[in-house]
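There are 4 protein chains.
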Amino acid sequence: MPRRIDLNSDMGESFGWFRHGVDEEVIDFITSANLACGFHGGDPGVMRRSVHLAKEHRVTVGAHPGFPDLMGFGRRNLSASPAEVKDYVTYQVGALQAFCRAAGLRLQHVKPHGALYMMALEDERLSEASVEAILELDEGLLLYTTGGTAAEDVARRKGVRVAREFFGDRPLHSRGWVMFGYSLADAGDGTPEGMARRVVQVATEGKTVTTDGKTIDFEVDTVCVHLDTPGAAQLIKTIRQALEAARVEVRAVGTDH
Amino acid sequence: MPRRIDLNSDMGESFGWFRHGVDEEVIDFITSANLACGFHGGDPGVMRRSVHLAKEHRVTVGAHPGFPDLMGFGRRNLSASPAEVKDYVTYQVGALQAFCRAAGLRLQHVKPHGALYMMALEDERLSEASVEAILELDEGLLLYTTGGTAAEDVARRKGVRVAREFFGDRPLHSRGWVMFGYSLADAGDGTPEGMARRVVQVATEGKTVTTDGKTIDFEVDTVCVHLDTPGAAQLIKTIRQALEAARVEVRAVGTDH
Amino acid sequence: MPRRIDLNSDMGESFGWFRHGVDEEVIDFITSANLACGFHGGDPGVMRRSVHLAKEHRVTVGAHPGFPDLMGFGRRNLSASPAEVKDYVTYQVGALQAFCRAAGLRLQHVKPHGALYMMALEDERLSEASVEAILELDEGLLLYTTGGTAAEDVARRKGVRVAREFFGDRPLHSRGWVMFGYSLADAGDGTPEGMARRVVQVATEGKTVTTDGKTIDFEVDTVCVHLDTPGAAQLIKTIRQALEAARVEVRAVGTDH
Amino acid sequence: MPRRIDLNSDMGESFGWFRHGVDEEVIDFITSANLACGFHGGDPGVMRRSVHLAKEHRVTVGAHPGFPDLMGFGRRNLSASPAEVKDYVTYQVGALQAFCRAAGLRLQHVKPHGALYMMALEDERLSEASVEAILELDEGLLLYTTGGTAAEDVARRKGVRVAREFFGDRPLHSRGWVMFGYSLADAGDGTPEGMARRVVQVATEGKTVTTDGKTIDFEVDTVCVHLDTPGAAQLIKTIRQALEAARVEVRAVGTDH
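These protein sequence lines map, in sequence, to chains R, S, E and G.
For the first sequence, position 237 (counting from the first letter as 1) is numbered 1246 according to my numbering, and the numbering increases by one without interruption.
For the second sequence, position 7 (counting from the first letter as 1) is numbered 1016 according to my numbering, and the numbering increases by one without interruption.
For the third sequence, position 20 (counting from the first letter as 1) is numbered 1029 according to my numbering, and the numbering increases by one without interruption.
For the fourth sequence, position 249 (counting from the first letter as 1) is numbered 1258 according to my numbering, and the numbering increases by one without interruption.
Excised from the complex, chain R in its bound form (with noise of 0.2 Å):
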């Protein structure tokens, strides 16, 4: 059985004159760009030129909506409700699309950002809230999230599709979600080498070590890597090429329909 992949980095997470990310030096080796929206990254133009960057580089677009929490960069749980929640996606899923409309390309995904992505794995009616705006917005966007979460079953029960989310850069408890704040040098191999293995691993065998040293089925879309982490450049790059070695097909999710 042929096996495929998809490659996503957090992109366009600059604001004004504050660089932030390393987006043109791992844009090639990428399917997938969740682009910031203006909330926690992002502003009006770095949202135009970051959807013209993966244009040109065939790159597929997603939206990357956070809290509004610029200071926090939207990594701080915040206790907005279900409708705020919803109004947020709304306001900076729609920011982009108009961005992406202007480019004329289709916006193909949203993916929840920092805290907002950690809240609604186990918050069903904040999923609900993120779910209930994608679909007002365009029926066929995917919802990347972490798989077996609330947030999966929630999407799939209302009919968006999911595009389950592994993390190439960050340790994986048992209970089967993404430890931020902790490194994998922490928790087992983190050289790019080791990282590529575990990616290779996970997209081949549908299996994972966790933190607590349990090997456990992990099914996965697409595959995430942060551009702060350190040496996020040289990691993709790693990655990319250990998966077309282990004959993996790197892809977009949405292509293939």
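For the record, the hints were derived by calculation from the structure and aren't laboratory data.
Using N, Cα and C, we set each Cβ at its ideal position, and we do this for glycine too.
Check the hints yourself; a few may be wrong.
Unchecked claim - Under the rule of at most 30 Å between Cα atoms (straight-line distance), these lysine-lysine pairs were calculated in the DSS-like manner:
1) E/Lys1216 / E/Lys1167
2) G/Lys1064 / G/Lys1223
3) G/Lys1167 / G/Lys1216
4) S/Lys1167 / R/Lys1064
5) S/Lys1064 / S/Lys1223
6) E/Lys1167 / G/Lys1064
7) G/Lys1246 / E/Lys1064
8) G/Lys1246 / G/Lys1223
9) R/Lys1246 / R/Lys1223
10) E/Lys1246 / E/Lys1216
11) R/Lys1064 / R/Lys1223
12) R/Lys1167 / S/Lys1064
Unchecked claim - In silico contact screen, one side only, chain R against chain S (beta carbon under 7 Å); selected entries:
13) Phe1038
14) Gln1106
15) Ala1107
16) Glu1145
17) Gly1149
On the provided structure of chain R, position chains S, E and G as indicated by the hints.
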């Protein structure tokens, strides 16, 4: 010849817990609502509720994008570049389009807010920026601006349909445009009835009297009253009744095609 | 024994063109004003004007620092670290001290706002953060907080003088603290007279009745009424008159040393 | 006659997770640091860390208040009123004074940032606004500005001590002030050595060559190099060494009284 006119107000300018405007009091008397899009006022929740309010009362919806100056309510000049202005318009209008789509509405027009509106009247490059953004988003969108200005010229040249605006609550200088920071009390009859007579004159005769006492030709498709003008609700009601008494049809601009 | 009490309100919460609160209507009835410092409300101009308003009416001034969440008015929990909280308090209190200095006033107290206030009641590390910030800024600053909480314990242990607060317009749970999102109408007598009786009881007897019907001891130095409680101006006036009728001296906390 | 000069850089301009500048690389070569105060860059955490960095390296600290334009890094003109400018300066300088007090330091100077600096050079009312804010905060504060301008005149007239600034990395127009948007490569010798020679000339002879080829008198107390000038760290090091080789004492302005 049957005359017709659109009555518009800037609405949806509240932000978070901060209330601004008397939207509910005037919604039954206007025909178009220019909704703030988050930069000078408005937030995602306010935008969704404002779109619903307009829909419920059969008022057409326009976008009211402004400078990113919440502290100054978008009423201060900012030396943003044309590229920045284009990006700001795309972002804000795109976000509002998303809420319209979610409500099953189509956005009718774009009216730049405050300093962005005023600067574009004289600055061709800023006008081009807004018009280009509009064309990329939806070629059917109308631009609300003052007639006889660079803004109108640029829009017509580029193929964007213009609704020529008259400010029912602001004096007009013979140079041809609205004077903020002045009240009609300084420049004529500041009573609701006086302002209504002035609106009826411009709507039926295409003429108005300027602050410096000249009667000038002034073609107009839409009349604006600001909700922070003292007594705005009563003023709008009086204007509407005066127009109807003068057999001017009060109807949204975009409904005739 | 002569009883005395301070009456405080959160004030200066307007932002730019957005009005919030009825500061001018209540300033003659309160003895301390907690002024927003720009993060959840307030802006530099509002802060200067609010300090002047307080000075003119001989009302003592406190700082009301909040989370950087203007859209949520600082009323949403944010998982900021203690170090971040300390920095936020230092920044905001320092900014207000500057306006006080410019007006020839000394800042009397610090009262954390909204979610920051509530989170600190139970979270010792957040309370320590605020208290450390206070000590570095001015050792004479009082902390306004609810008595019998981690916040009070931490402050006393570190040597910061505490004014124990009672919310005149919010029910109290027997667990000991104020319940937001509930009105007194849900939990007793919601009339101004009813609320005033409740305040007089706590001020004179050191006892109050909780939402679950228990009468508990509750020592109190200051009583707060929120300006966004409907009828706030009338309510505060009624409370003040009831206190005076009960021969409770209404005076700022900080004026006795 | 022994010559002396201060070397200053704008620092602490990072915001949240967004890094800006190379503060750690230049701190050993400068004598004064102008710290961003949260409006155009800097946040409370960055401010505390920057004050500590400066203290540790015995660099004097100044405030670098800017317009509330994070997206434009305070480099865009904003038509704020003098009253607004005064309030913005008070707020930001007050916040930084708090972090200085916490660290046991006294703020040495105020240097308006970006567009606020440039606008004040010609606009007497804006200069008065800044100077009045300074006087209310601490009469001992120095103002860093360009000599021979309205800003200098106003400060001297009102009794604020001025440090006259020269931009080591920006061309100077014969009209007398710095030209942003131009590099020295456009206007002479853009190498570190060339720029250092230019600084040594102005420091030792009180003369400099303008973009239009004139040699003008230019008295200078402090030299600024921007950290976003390419190669800033090497440039500052080269300038410092050249000054010392020319027997110019490099010392903070405020240390001589």
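Against the structure, the hints:
1. E/Lys1216 / E/Lys1167: Between E/Lys1216 and E/Lys1167 the Cα gap is close to 27 Å, so the pair holds against 30 Å.
2. G/Lys1064 / G/Lys1223: violated, 40 Å
3. G/Lys1167 / G/Lys1216: holds, 27 Å
4. S/Lys1167 / R/Lys1064: With a Cα-Cα distance of about 26 Å, the restraint between S/Lys1167 and R/Lys1064 holds, given a limit of 30 Å.
5. S/Lys1064 / S/Lys1223: Judged against 30 Å, a Cα distance of about 40 Å means the pair is violated.
6. E/Lys1167 / G/Lys1064: holds, 26 Å
7. G/Lys1246 / E/Lys1064: Judged against 30 Å, a Cα distance of about 50 Å means the pair is violated.
8. G/Lys1246 / G/Lys1223: Measuring from Cα to Cα gives roughly 28 Å; hence the hint holds.
9. R/Lys1246 / R/Lys1223: Holds: R/Lys1246 and R/Lys1223 sit about 28 Å apart, inside 30 Å.
10. E/Lys1246 / E/Lys1216: holds, 22 Å
11. R/Lys1064 / R/Lys1223: violated, 40 Å
12. R/Lys1167 / S/Lys1064: Holds - the C-alpha atoms of S/Lys1064 and R/Lys1167 are around 26 Å apart, at most 30 Å.
13. Phe1038: violated, 27 Å
14. Gln1106: Since chain S brings a Cβ to about 6 Å from R/Gln1106, closer than 7 Å, the hint holds.
15. Ala1107: holds, 2 Å
16. Glu1145: holds, 4 Å
17. Gly1149: violated, 13 Å
Hints 2, 5, 7, 11, 13, 17 from the list above are not met by this structure, while the remaining hints are.
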